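Read off the chains here:
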Amino acid sequence: MIDSDMKKITNLLYMLAVLLLASCSDFLDKSPKNTVDPETTVTDDVAIALTNACYRTLQSSNMYNQRIWTLDIVAGNSLVGAGGGTDGLETIQASNFITQSDNGMALYMWRSPWVGIGQCNIVLNSLLEAEAVSERIKNRCLGEAYFLRAHYYYVLVRLYGGVPLRLAPYNPGEPTDIARATVEETYAQIISDCKNAVDLLPAKSSYDDENVGRACKDAALAMLADIYLTLAPNHTEYYQEVSDLCDEITNLGYDLSSCKYEDNFDALVNNEPESLFEVQYSGNTEYDFWGNNPQSSWLSTFMGPRNSDFVAGSYGWNQPTEEFVGQYESGDKRKDLTVLYAGCPDFDGKAYKSSYSNTGYNVRKFLVSKTVSPEYNTNPANFVVYRYADVLLKKAEALNEMGHSDQAAVPLNIVRKRAGLPEVSGLSQETMREKIIHERRMELAFEGHRWFDMIRVNNGEYAIKFLHSIGKSNVNKNRLLFPIPQTEMDANTLMVQNPGY
Amino acid sequence: MQKYKMPIGRLRMMVCLIGMLLPMCMFAQQIIVQGVVKDQTGETVIGASVMEKGTTNGTITGIDGDFSLNMSPNGTLVVSFVGYKTQEVQVKGQKQLQVVLSEDAEMLDEVVVIGYGTMKKSDLTGAVSSIGNKDIKDSPVSNLGQAIQGKISGVQIVDAGKPGDNVSIKIRGLGSINNCDPLVVIDGVPTDLGLSSLNMADVERLDVLKDASATAIYGSRGANGVVMITTKRGTEGKGKLAVSANYSFQNATNVPSLLNAAQYAELSNDMMVNSGRNPNPEWANPSELGAGTDWMDELLRTGVMQNYTVSYSGGNEKSHYYVSGGFLDQSGIVKSVNYRRFTFQSNSDAQVLKWLKFSNNITFSADTKKSGSYNIGDALKALPIYPVKNEDGSWSGPDGNSEWYGSTRNPIGPTELNKSQTDGYNFLANLTAELTFTKWLKFKSTFGYDAKFWFIDNFTPKYNWKPTPTEETSRYKSDNKSFTYLWDNYFLFDHTFAEKHRVGLMAGMSAQWNTNDYLNAQKNVFMFDNVHEMDNGEEMYAIGGNETEWALLSYMARVNYSYEDRYLLTATIRRDGSSRFGKKHRWGTFPSVSVAWRTSQEKWFPKNDYINDLKVRAGYGVTGSQASVGNYSYLASYNTSVYPFGISSGNQTALVSSTLANPYIHWEEVAQTNIGFDTSLFNSRVMFSFDAYLKETRDMLVKASIPITSGFEDTTTTYTNAGKVRNQGIEMSLHTINLTGELGWETNLTATYNKNKIKDLNSDVPYYINQINNSYVTMLAKDYPINVFYGYVTDGIFQNQSEVNTHAVQPGAEPGDIRFRDLNNDGVINDSDRTVIGNPNPSWLFSMNNSLSYKGFELSVFLQGIAGNKIYNANNIDNTGMAAAYNQTIDVLERWQGEGTSNSMPRAVFGDPNQNTRVSDRFVENGSYLRLKNITLSYTFPKQWLQKARIENARLSLSCENVATITGYSGFDPEVGINGIDQNRYPISRTFSVGLNFNF
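Sequence order for the protein chains is A and B.
Position 35, counted from 1, in the first sequence is what the numbering used here calls 35; the numbers after and before it change by one each time, with no gaps.
Position 414, counted from 1, in the second sequence is what the numbering used here calls 414; the numbers after and before it change by one each time, with no gaps.
Because the hints were derived from the structure by calculation, they are not lab data.
Check before you lean on any hint, since a few could be wrong.
Claimed, not checked - Simulated crosslink set (DSSO-like; lysine-lysine; CA at most 27 Å straight-line): (1) Lys33/A <-> Lys584/B; (2) Lys462/B <-> Lys350/A; (3) Lys855/B <-> Lys948/B; (4) Lys238/B <-> Lys370/B; (5) Lys353/A <-> Lys333/A; (6) Lys419/B <-> Lys389/B; (7) Lys481/B <-> Lys30/A; (8) Lys85/B <-> Lys943/B; (9) Lys33/A <-> Lys481/B; (10) Lys33/A <-> Lys583/B; (11) Lys238/B <-> Lys370/A; (12) Lys724/B <-> Lys583/B; (13) Lys85/B <-> Lys53/B; (14) Lys462/B <-> Lys370/A; (15) Lys477/B <-> Lys33/A; (16) Lys95/B <-> Lys38/B; (17) Lys30/A <-> Lys584/B; (18) Lys481/B <-> Lys318/B; (19) Lys30/A <-> Lys583/B.
Quick caveat: nothing in here was measured; it's all calculated off a predicted structure.
Chain B on its own, in the form it takes in the complex (with noise of 0.2 Å):
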């Protein structure tokens, strides 16, 4: 139970070193069998397990996959290996022998991490994904999370595009309005740091526990899933050294085009005179402008990236160490963006008594990270007249009439001269004490500590910038720290009772507690641009710091019962006692129970190569979720402000009441039941897994419907648990063999679908949230999916004014304006006539997998999807608005010029008086997408090519990463945040990298 399945390759060396040490006994009489052992893709098997049937006669494999034995001629050789099935082969005197192994069930014999242990696939009850480092080793990305993306079923993946900046994870839908975040635990311990902060190269499995019967076990923080990573270790065996470097360059994967300098000026005359407005008259002649500057092609470049691990492991008997070292520069496709980490994984473990095993964990990451002054938005929107630079080499901008040449700040000059940065520390590191007391019973006692600390640092000189300059130079910098504290102590027993009743126990206690704080000044007014320490400015514009806490104290238990592998039951409990809650209301209990059933176990079960494994899973469970609430919103307090008087307006400290504390505040949870089953079918060349389930998130935290007369400044911000919500869906993996031999092929296949529905927020008023030029966006409402869209609907263009006539009342509209719906039929196109608009929750995610190989050569084609989502394209308001001196997208060139001229893009007016811009579905558009995600073709050079470098295997992949896109979205990229707004985001990627790794 408490064994990981061993990479093979590490345990082929290990198990031919163990080979080579094992004395051979000769025999008289014998023939010398020679022979290879491969497996059905062809490749050599180092370390495999030769023994003549019936003795203690055996060898291993060498390098070659090759075996000498000297042995009874008519005896019968028995092949085995890790992985595959153990194969007999009669001899009858042949001395050459190819040996094939197919193999074994390979899903159902992996070894998965669960909270506080590690189970056999084959006893799982729950429903819980994996994926191992040969999964994600050629990805060219720099986070893990983009690693993984579409390839766990029911585990939604967002990229941020920014370098460093961290992707979204949901499992299984949105659970709440609220963060419905999954908990993070890397080596056992829960940590709220950043998978940016891994090197992919460290990390060994991540295992995703999506049901509650395996959540449960982390309580209150389970709700919405909980991604356990695990670290490399060492093996047994000679020392390893491992090299590997990535060098990969990056452009957008698609940028709008806009219009030219001659193009927008015309547009601008347009505009102008549609509104009644002079027209610029240095552009009575637009064409005379040419192309001008292209603005988004100034902002973007070719990203490069660089990646270098090195790693060395091995151990003894006893002990096990792995260490690596990291590197990875990253600048970004954005001019100023820029990505530097250094990482460093130690990780080892020794049985220092008999009876008690240590081992540790530690991280250490340290980054830094640049973004300088970027606004996607401003070089969208920066007008292509004017140049990057004066003659006088000053940055230009706009100047003059802002309702010709617009108000909009040159989007590059910024970037070179302000600077953000944050540099970040984190050291993650846990010590586990293993007391095994009886070969059933054992004690662990783990420490985890967990410290983090960034820095933030913006620098803005001033600078004469058009329109607006600013005026002083500004130094800003905050210091924060966070400090997790994590102590675990549990017995862990695991006996078989009369052979039959195998029963498994875990029960202990865990302690965590968290204290963060921070420290921020800004000052103003510094005499050199160059010389700009905190010491040298001039007026304090702003300091201040605070230091939070919080601590969780939890009891939990897990019972695993299997009775002669066919019937298996867990059970677990968790009790959490958070500071968060009121006394009252602090302790909280957490059950789930799950059963399987391995239907293919019984004995009536035919024996055929049709189904060879069949188990049936199904289990309930209640989770939490504490992600979104404050560390103290249960305690009414008093703040500190000030209010001014006297002459000289000193400050005075004022004490406020502003927020209304809610003393009953608890955790949002979530009940999940969930169905399933994994087969594994023709010779078990076929694997699928398929689980159904139903979420019904209840307690949510909505806003307190509190009346302004109750005196509160936030009657907004207190919270009450008042809401529901419901996920339920499908997830469905398979896995086929389709060919084996010399050419293998093998296919991955993901599907999750998932429906999400609000079924009540404490009020039938909607919440209105994500505002963009003054207004929202996105409704929250009972009966409808989590972030719909919600807004006016277009019905055409006005081609005259007759239309115009005889249409609801539309105040502004004009010939050419958008029409539209009088929703409600009363006359007028008002507030009332808004309805739903879009959904941004897919549907349906789905990933599809194809590996081919050829003696060296490997080939891997990935697709991703989603679909049955939509994409507000908040760029569009003003790239398509044609209402205000923005740059446009070449869209516009189709708009509405006159009676029949177009039907869907209007007129180009300024001030905009009919609102063709306000929320509509005129900005909804189709997010689904088919990416071709990666192809990596790789090749693995012969081993006799590389035994006089001493090297034992060496590897040069060349990787692709967002190939193609099919999808109908016109913007940068379909693959927007969780809400769905398209709004200013940082591109997308495509990544083309060429990869090294060399093992010793």
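Looking at chain A on its own, in the form it has when it is part of the complex (with noise of 0.2 Å):
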């Protein structure tokens, strides 16, 4: 009997062996569920879907959804606000300029737009090769890639000065260590990708309603004739490519008059006419409002007076100065739209009290009411990175800089007729120049241009004695810039240091 059943036994332990060592191979291959094989064909779903994520780090905190916003803080239009405490304090120390390497918004500023060249940097390498991808969706998806590498950079370089150039994807194994390049090569490249992309992207007017916010023609326009704009004080001759950049948009089929100011920040009027370029946002609630890509503007929730139940959140940010609402001109349509003060028109049937801030003001532009947006995290509000108002300034500026300063009041005139101003002619190019560069701080307060507004005209000695006007005493040349991150500096044996910090 117990020989049988040895046998069995035996038999047994012999199948139990042979099971194992089948299922041993494969056993230990487990693959993530819910993530995409790096490895899988591009067709052409596969490439929108590598560009679309381009896109998201445009909706972070680090850059459209606060820090860019903030850049009006740090120029002087604007006190943090806040809540008080520790919150805010890395906007604070930078708007006085006494920033160190460890600074947050030094940080956040730099960490989001690597982020998106990463990205980019993966469509241009997955789709140079790519064979299932048809013709007009590789040339638009390359075109969106190459606009929005040259934008990330571009926020960057006008940031912390010369960057690394990191043109393709970083692979694990490889030296993490990459050396700035020059201001000049930096700039080089983004003007390569920017021109690339006006060659690529079609026309605003081309998309479908569906694909409507993508990158167009006329933002990659819009974005070449700020950065020639911005070479301009050292490179003149980038003013007559500036005025004809300038023409080539109003010719795509732009006009002011058909365009209302204040639709430029409602919530419920995505992608309009004016707009050239907008950073998009659904309101979708699904998405971390606090994480890396919130599908909801930050802005009215941040910016919605503290205490006062305007709107969802009103955490209390960004509170106008009195020197920065003094500058209205009697009359001027856009102040009772841009901030709120005592006696202005009420807002969502509520009196606004000077008691909500600091500075007696608040930021009005961007409010969303509690009925489109009832809660902290469902405002659905696109912001907008280049509008038409803008175009017809650089004009201006390009125009008054070439001498031409009795051209230059046409496009300005434009702008100012809109805000219901009168007309300007006859001045000096010094004075017509003010005047642009006050018209550019009125039309787009808050809206994240002042500062580098500031920072390229007379090659920022403007930004340093304005500063120095309203009382920032810290602010010198090397102060223009933010530091490079700590963290970067730690990690990256070849990164140097900006000069003063």
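Once you've looked at the hints, go ahead and assemble the two chains, each given alone in its own frame, into the complex.
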């Protein structure tokens, strides 16, 4: 009996062994089920999805959802406000020009453009060789990636100076250290990418209703004009380029007289006729509001007057200064649309009290009624990066710098007319320059342009003079660039810190 | 080797029954000797064997320890019983005898559970500590983890406070800056089941494998120690029915005293004036406000816990069974917190064929945790100036100027309106086949199945809370499932060669795999508050789900060799392959070796009553930990996300490469050296164990230093195996039998010392973690212990302006503010003046238990404590900050109000311009405590009272847990989390309990 039992056992064991060995080979191979293998064949759909990812970084609070508009605070248009304590401390330090390399704002603004660049590099790398992608989609996607890479580098170069040029995806195992390029080299790359984008991208008007909002030729032209205008103080030949590019945009069918100022900030009006490029938000709550790709705009939530219950959130950030509000010419229709002040028209049926703010003012431009956005994380308002009024003012600036102050008054007056202000004429070049920069400040207030305008005019001398005039005595030439964040300095041994930090 | 030590009671009964079955042999010319067998505590010994020496004549003691034997008047009685020294008594014609058995060196005969087998304690070469059911049975707690707190040297346990939540267990210090929880093995199945899902009454014993020679058999999961839990099994003999009932009351051990309304109003006025603001005109006369609302009092209540267990067990020589059902219901000391648990245990085994035995364990538990929506922090901060409810019955709340009236939501309303509930169902089963080939060779195959389901259900109705309303009603549900499968196959060999060389071998393989998936969803906007199923929600807020998997394939072997029971050697090896690592880094080998020398077994060792037993041990081994490694972190992948385009902002899919994969990632490794000795002294009345260890963690996962320019979103979530941590310490445990006889007295002492240090972090830049109010409290840095507090050092209070002026530049400082030390002497107080201000890791853990017995009474007094650690009292940032409209503790009544009024509590000033509340040693308190952890008095009713009711045993116990605590800590309780930060923690309870146990 025992013998036959033993035989059974032996057989059983033998079977066990076979089972085990057979199952071993792939037993330990487990792969994630909710992610996609990077080796996936690039089809039209995959190309579009990879390209869509290049835009996500724009939505980040590190860029247009917070840090870019808080540059207006650094530029002296407003104060942080916020909740006191350490809330917004990094921005307060930046606006007092006492940042160190561990400053949070310097870190956050550095972080996201690189993520965007990394994503653009993946698209450019995988699309150039892709065979399963249609020509139309390939060109469009490449154009979008070139546009966005140029844009991210353009943000970086103005904030930090020359930066490393990483133009291919980083692969694990490669050295991570990378040295800075010069400012000139960085701009050369940006201009090259931007020109590629101009060539490859379709015009805004050619996008269907589902795809409007993608980077378009119009936006690429506007960015190229902006880049040339920034470089023009040292390359005066670029003023003509700026003027020509602006004309090219006008010829694509833009007309400011048919556009309402407030539509640019209306949560329910997306990609309106005045805008060339917008950061898109859906107000969708499924994505983490505090995370890296909030699908909801932070602006209303952050800028609502604290404790006012005007809008969902109402964290009280971005309080305009007395000096700024004092710059409005009388009759400027934009004032009531831009700031809240004691005695201003009611917001959503509620009267504003100056006690809501340390300065007595809050930003109104981006506030979204609770009927549209009931919760702090439901605001679908897009953020306008480039719009036609900005293009007109660029043209005015270029013409004035070329000595055509009278011609410059034409585009300037289009903008002034919409604001309900009288036309200007017969100004000297110097007065006209002041008039244009003033107009840019009021027209584009809190939209993240002021800081970049101040540091380009007169190679930054304008910024230093202005900031000193409003009592920001710590500022000097070095402080017009942010420090390279300490975390980057620590991890990248080839990185060199900006002077003065 | 395969035998457990059976509980004495059960064995007695069993042997008693066998005894009755034995034929009584009768001899002529004999006398009848009658007697009683007792133990040293005076308790009668049931089922002891009483034999006439040199014959087969014998009997077994009865239910009162009595025996009666026909024997030769000149004969000698041999009285023996498991766990006691065998005693010989010469009869010399006496007809009445009393025999007192003394306990054998009990600890040495114990059988402990080690991985894939058991071992006699005397054969152990590694560091293993054990606790039996009798050590925990009287603890009036719901969680096994709470019951073993302080009882095992080298094991730090921190209670979560909240009913149903799990304790944290750390063995021999923090082995890693990452997850360093021990592996839990229940009845041989490694599981992530929480200890809270077990009924303590079903637990037979708990063994903690501490050193690498003991844990290496669990290879890549053994680095942080292993907790082996064994549930009860039936024994041969008649069926046994046990019923236990326990009823307890609970209260918070300590509640900080807060200001009343009048005191708060006065403080508020002070705070306003000092910051140049207008005080509230309504509070011109603060005393008018009276006492106001005591929010903590409103939030806390007397909790009630009821715990009932019924079990029946038994068996015959071929099969055994143990079945139990338990019910526990606990209302928390915080309103809205409730816990209810059903547990079932069914263990059985059967020798089906001569060569084949099956055994199984089934543990099932179902629990419901209702936590409502309570917030300890809000209750501490809420102002006493408004009532719980308004006159119209609505919940009150701050309204008007937030600088006066605050902005903290009513802390009581949400506990009644909001619902938050987790239902858990845990099923753990295993089936083992044991094949016996020969006396010395066996094969075991175990299949284990661990299924967990948990369902989270939150409901938040819209309500016009002040100052911030909840705008929409929302319902969130999350359904989670986790299934773990285990298949172990191994051979066991045990043979003694030439009567001297005993060799034990274990060799086999184990495969374990898991799938885990979840589905969650939230809907908003419901028309009716009371009709709020998912079907009724109008707006889809979010929906998500995913499935993950892991697998582990292992081969393991162990050799035990013993030469004449004098020289002992254990060597183990385990080779693990894990699905969490890339193909090239998947396999790892974890060896260990340990030796022991039972010095007292040497022939030259003097036989005396002073040293009865002495064993010296030493061991070394390498183990791993993969608890902190993500399931797929070695793999590059694209995540799906969205970006909206178009007129209607329609989401389009985006493929994102967000994390840099580390294809080289592998487990953390711990190399541990252990030396120790066990000794039994003075007729085995003193037993002492000592261990010293050095635990070196290497390849610890630390954040990889990846430049942001690499282009990945999460440069902070890529980990690399580059850190090092060292833990070194000693552990001691002492068991003494002080008094024997009618009055028995035993003492257990444990003491543990541990020192922890980070040796390397892959970067000289420290990590700062645990952010509170935008500042990091905790630092991880090379050459410091894990989790040290990092901040400014206070230096009293500025008494006048000239003190401010002469001090380093401290922006915002005025008289009455805290003076911070200028540590780097640069004339400015800034970030560079921060330093390490406290270590939350205790250097000493200690405990002492005294148990006294007299007749049926037993009294045990258990003291437990920790020393050398600091607590960061983060509740006090708001509650003594005097910087915002939050209620404060009464400590602020001693605040600075003019020169010379205080040198520790600063002035009240709204907005805190000097940042008096910054991270500093102001909030660091001594965390040492000595706690009278438990007092239990029990009474076992005399048998004669019970016999008529057919009750075999009845016992009444009165117990108090967390009786009193000596501590300098000012918060609720010094038992805070492992990281030492006390913030919004659920308060620890003091429990009074009455328990009744019956055995039939």
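Status of the hints after comparison with the structure:
no., hint, verdict
1, Lys33/A <-> Lys584/B, "22 Å, holds"
2, Lys462/B <-> Lys350/A, "22 Å, holds"
3, Lys855/B <-> Lys948/B, "21 Å, holds"
4, Lys238/B <-> Lys370/B, "42 Å, violated"
5, Lys353/A <-> Lys333/A, "21 Å, holds"
6, Lys419/B <-> Lys389/B, "19 Å, holds"
7, Lys481/B <-> Lys30/A, "18 Å, holds"
8, Lys85/B <-> Lys943/B, "26 Å, holds"
9, Lys33/A <-> Lys481/B, "16 Å, holds"
10, Lys33/A <-> Lys583/B, "18 Å, holds"
11, Lys238/B <-> Lys370/A, "74 Å, violated"
12, Lys724/B <-> Lys583/B, "25 Å, holds"
13, Lys85/B <-> Lys53/B, "16 Å, holds"
14, Lys462/B <-> Lys370/A, "15 Å, holds"
15, Lys477/B <-> Lys33/A, "22 Å, holds"
16, Lys95/B <-> Lys38/B, "17 Å, holds"
17, Lys30/A <-> Lys584/B, "14 Å, holds"
18, Lys481/B <-> Lys318/B, "37 Å, violated"
19, Lys30/A <-> Lys583/B, "11 Å, holds"
Of the hints listed earlier, those the structure fails to meet are numbers 4, 11, 18, in rising order.
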